[in-house]
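What follows is each chain in one-letter form.
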Amino acid sequence: DTGVSQDPRHKITKRGQNVTFRCDPISEHNRLYWYRQTLGQGPEFLTYFQNEAQLEKSRLLSDRFSAERPKGSFSTLEIQRTEQGDSAMYLCASSLAVGESYEKLFFGSGTQLSVL
Amino acid sequence: AQSVTQLGSHVSVSEGALVLLRCNYSSSVPPYLFWYVQYPNQGLQLLLKYTSAATLVKGINGFEAEFKKSETSFHLTKPSAHMSDAAEYFCAVSDRGSASKIIFGSGTRLSIRP
Chain G
1 DTGVSQDPRH KITKRGQNVT FRCDPISEHN RLYWYRQTLG QGPEFLTYFQ
51 NEAQLEKSRL LSDRFSAERP KGSFSTLEIQ RTEQGDSAMY LCASSLAVGE
101 SYEKLFFGSG TQLSVL
Chain D
1 AQSVTQLGSH VSVSEGALVL LRCNYSSSVP PYLFWYVQYP NQGLQLLLKY
51 TSAATLVKGI NGFEAEFKKS ETSFHLTKPS AHMSDAAEYF CAVSDRGSAS
101 KIIFGSGTRL SIRP
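Sequences listed follow chains G and D, in order.
Going by my numbering, the first residue of the first sequence is number 1, and it counts up by one from there.
Going by my numbering, the first residue of the second sequence is number 1, and it counts up by one from there.
Keep in mind that the hints were calculated from the coordinates and are not lab data.
Computed from a predicted structure; not experimentally measured.
Among the hints, erroneous ones may be present.
With a straight-line cut-off of 25 Å between C-alpha atoms, the simulated SDA-like cross-links for lysine to any residue are [unchecked claim]:
#, chain 1, residue 1, chain 2, residue 2
1, G, K104, D, K49
2, G, K57, D, K58
3, D, K49, D, L7
4, G, K104, D, S12
5, D, K78, D, S28
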């Protein structure tokens, strides 16, 4: 078990460009989360999946953001027409949700996005 | 919607002193509550959780937290701080149920003075 992996670790892009991040969760985990974290703040919820179904997307998230988890395994997060305000650490987490039991989230190391 | 508020963005204590990090939650029913820790240059990891069993929850590294429904609080404590406890600590909440997202507070940075 290699844990949650995210690729790339760092991404520098110019304003207006599109970027895509990938997350590979722990293999048996059915739930996958995307969070965004800026310096000095807690992780901000973006969206999450149960298997391949996207259960919720934050209302704070603009239409420029889209996430997929096509086969219930890895997930991608795409940001179109990036803006400087999108600069942040993008975190992926996975968990095994069973019935109404609590979830322990396992976090990846994140993708640091810098928009110039 | 559920939320958590962490009082104090930065707490500094002397080595060996009591650590107290405050967290208050907002939820119509008792939720699940968590504390996560983020050490420098590392990912977040679970410190402890409350899921409705004992109200005093013990976690890793000597930390514990007490769920107080009357105060809607879930403060994190450690009797004696160690230099290695320096990190960012996040309180988190989720509704009970199988399809509930986890919401994090803004975090408290803990510094330890020699």
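*25 Å Cα cutoff - pair K104 of chain G, S12 of chain D*: Violated, because 28 Å separates the two Cα atoms, which is more than 25 Å.
_Proposed proximity, K49 of chain D with K104 of chain G (alpha carbon, max 25 Å)_ = Since the Cα atoms of K104 of chain G and K49 of chain D sit roughly 9 Å apart, the hinted pair holds (cutoff 25 Å).
*Can the restraint linking K57 of chain G and K58 of chain D be considered satisfied, given a maximum Cα separation of 25 Å?*
Cα-Cα ~33 Å, so violated.
*Measure nothing beyond the straight line between the CA atoms of K78 of chain D and S28 of chain D; if it is 25 Å or shorter, mark the hint as holding.*
29 Å, violated
*Straight-line Cα separation of K49 of chain D and L7 of chain D no greater than 25 Å?*
The given pair, whose Cα atoms are some 19 Å apart, holds under the 25 Å limit.
In summary, the structure is inconsistent with hints 2, 4 and 5 from the numbered list given earlier, while agreeing with the others.
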